[in-house]
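A.B. asks: All chains, please: the whole structure from these sequences, using the hints.
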Amino acid sequence: MDVVVISREIIKPSSPTPAHLRSYKLGLLDQYQPPIYVRILLFYSANGVVDRHKNAKTTNLLKKSLSETLTVFYPVGGRFNDDQSIDCINDGVEYLEARVTGRIEVVLACPKAEDLNQLLPPYVRPLGFDGISSIQVNIFDCGGMAIGMSVPHIIADASSLSTFLNHWAAIARGANEKVSPKRLGFASLFPPRDVPWVVKYDAYKEGNPTIPRFVSKRFVFDALKISALKAKYSEKSYVECPTRVEAVGALVLRCMMKAASGLTKSKIINTIINFRRRTNPPQPQNSFGNLVFGIILPPWTTGSEPELHCLVRQLQEKIRKIDSDYTKQQLADKGLLLCHYLNQVSEMYSEKYTNVYTFSSWCRFPFYKADFGWGQPIWASPVNLTMKNSLTLMDTKNGDGIEAWVTLDEEDMARLECEQELLAFACANAIVYE
Numbered sequence: 001m002d003v004v005v006i007s008r009e010i011i012k013p014s015s016p017t018p019a020h021l022r023s024y025k026l027g028l029l030d031q032y033q034p035p036i037y038v039r040i041l042l043f044y045s046a047n048g049v050v051d052r053h054k055n056a057k058t059t060n061l062l063k064k065s066l067s068e069t070l071t072v073f074y075p076v077g078g079r080f081n082d083d084q085s086i087d088c089i090n091d092g093v094e095y096l097e098a099r100v101t102g103r104i105e106v107v108l109a110c111p112k113a114e115d116l117n118q119l120l121p122p123y124v125r126p127l128g129f130d131g132i133s134s135i136q137v138n139i140f141d142c143g144g145m146a147i148g149m150s151v152p153h154i155i156a157d158a159s160s161l162s163t164f165l166n167h168w169a170a171i172a173r174g175a176n177e178k179v180s181p182k183r184l185g186f187a188s189l190f191p192p193r194d195v196p197w198v199v200k201y202d203a204y205k206e207g208n209p210t211i212p213r214f215v216s217k218r219f220v221f222d223a224l225k226i227s228a229l230k231a232k233y234s235e236k237s238y239v240e241c242p243t244r245v246e247a248v249g250a251l252v253l254r255c256m257m258k259a260a261s262g263l264t265k266s267k268i269i270n271t272i273i274n275f276r277r278r279t280n281p282p283q284p285q286n287s288f289g290n291l292v293f294g295i296i297l298p299p300w301t302t303g304s305e306p307e308l309h310c311l312v313r314q315l316q317e318k319i320r321k322i323d324s325d326y327t328k329q330q331l332a333d334k335g336l337l338l339c340h341y342l343n344q345v346s347e348m349y350s351e352k353y354t355n356v357y358t359f360s361s362w363c364r365f366p367f368y369k370a371d372f373g374w375g376q377p378i379w380a381s382p383v384n385l386t387m388k389n390s391l392t393l394m395d396t397k398n399g400d401g402i403e404a405w406v407t408l409d410e411e412d413m414a415r416l417e418c419e420q421e422l423l424a425f426a427c428a429n430a431i432v433y434e
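According to my numbering, the sequence shown is numbered sequentially starting from 1.
Where hints are given, some of them may not hold.
[As the list claims (entries may be wrong)] Straight line, CA to CA, 25 Å or less: simulated DMTMM-like cross-link-like pairs of lysine to aspartate or glutamate: (1) Lys-369 x Glu-97; (2) Lys-232 x Glu-419; (3) Lys-321 x Asp-333; (4) Lys-112 x Asp-409; (5) Lys-25 x Asp-194; (6) Lys-217 x Glu-105; (7) Lys-217 x Asp-400; (8) Lys-12 x Asp-82; (9) Lys-265 x Glu-307.
[As the list claims (entries may be wrong)] Just the calculated beta-carbon pair ranges, DEER-fashion: (10) Ser-346 x Cys-142: 39 to 49 Å; (11) Ser-346 x Ala-19: 31 to 41 Å; (12) Asp-141 x Glu-410: 25 to 35 Å; (13) Gly-375 x Val-4: 19 to 29 Å; (14) Ala-175 x Thr-354: 44 to 54 Å; (15) Val-124 x Glu-421: 33 to 43 Å; (16) Val-5 x Arg-364: 31 to 41 Å; (17) Tyr-123 x Ala-56: 24 to 34 Å.
No lab work stands behind these hints, which were simulated from the structure alone. Cβ atoms here follow ideal geometry from the backbone N, Cα and C, with glycine treated the same way.
C.D. replies: Structure representation (structure tokens):
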């Protein structure tokens, strides 16, 4: 697959951001997020976008509707000011258009992270542009399309990204009802704090060649295998019937820990929780910002990894603990308790002989509903080549299965790919069906 960028431009909001909105305040949960980008690829079949004339019309439609969307989601088109705010002064987003040699079904037959990464906008920004977000629209020879988007985690989580994309798509297809954000930002709930461990905005300069890259692989669980896996858990009376996310997550995490090198002394799981529905009152699902943080499971030493049933039970107990009372407790004293907790989590990631496994689920986020006027995506995929020891779960197209994206170093990944406990339920990099 050969990807050639043929144009670059800056898409600005269709209307200037009002003066009272030009400083977007970051909250404590924004400051806590790692210096990575939340990235997604949406693939569309060739139906309706086959010839060059239609392609030009399509890209013009995308740019116009994007400009209108940025007026609503103004932080996406902003720039870093300091560690507590984003300047929203109409910088806009970088918009790249690329031509891809080959057919889209060839890529979907055996998706590889290194190939998919070419379809995403690069981390390095053009000189003179201070914007923080970027989009790359890829047109295949067959007329198929892949839209890649990248936003810094400091302003948005995966739920926010899906809200943005669905709003953009609704404008593009001329829908009467749009997925407008009911709320932008959570700084009023979780005020920022001046603490030494918060992410510094200059850490987002990921064009630095010294930043390590790891190996990402995809493992697919179909509905039948997930049912069989859940039945395996039910063999133990003390385990409640797990959700499909709990069932798949526990299995993959256990296998990831088993695959770790012998130099690792301690292993910790950090489960990322979206608690929009876990506050009182609940926050809107289509709110924009970061309303996620990690829940730490008890550590294990190398060679004493938890049994599968024990691990899923611990996941269940931790996840069910996060309710409105828990959130209220964290919010007390302007989030002081939460601040201390996040400080401990940050220190865990910096310990030399500790592996922290970051587990998040994008399941049920409506990425597959992003219809720009030529149908819904035939595939949606997160791509993460920068965060070691991470597991991200994503729905399959039909909504019944789960794709597990795992990022490890090369040696650990080689061991994971031979892990029979995993391969008994998952297919490594199965073909993507339309």
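A.B. asks: The structure should be examined with respect to each hint, and the outcome stated for every one.
C.D. replies: Consistency of the hints with the structure:
no., hint, result
1, Lys-369 x Glu-97, "holds, 23 Å"
2, Lys-232 x Glu-419, "holds, 18 Å"
3, Lys-321 x Asp-333, "holds, 21 Å"
4, Lys-112 x Asp-409, "holds, 16 Å"
5, Lys-25 x Asp-194, "holds, 13 Å"
6, Lys-217 x Glu-105, "holds, 19 Å"
7, Lys-217 x Asp-400, "holds, 20 Å"
8, Lys-12 x Asp-82, "holds, 22 Å"
9, Lys-265 x Glu-307, "holds, 18 Å"
10, Ser-346 x Cys-142: 39 to 49 Å, "holds, 46 Å"
11, Ser-346 x Ala-19: 31 to 41 Å, "holds, 35 Å"
12, Asp-141 x Glu-410: 25 to 35 Å, "holds, 32 Å"
13, Gly-375 x Val-4: 19 to 29 Å, "holds, 26 Å"
14, Ala-175 x Thr-354: 44 to 54 Å, "holds, 48 Å"
15, Val-124 x Glu-421: 33 to 43 Å, "holds, 40 Å"
16, Val-5 x Arg-364: 31 to 41 Å, "holds, 33 Å"
17, Tyr-123 x Ala-56: 24 to 34 Å, "holds, 28 Å"
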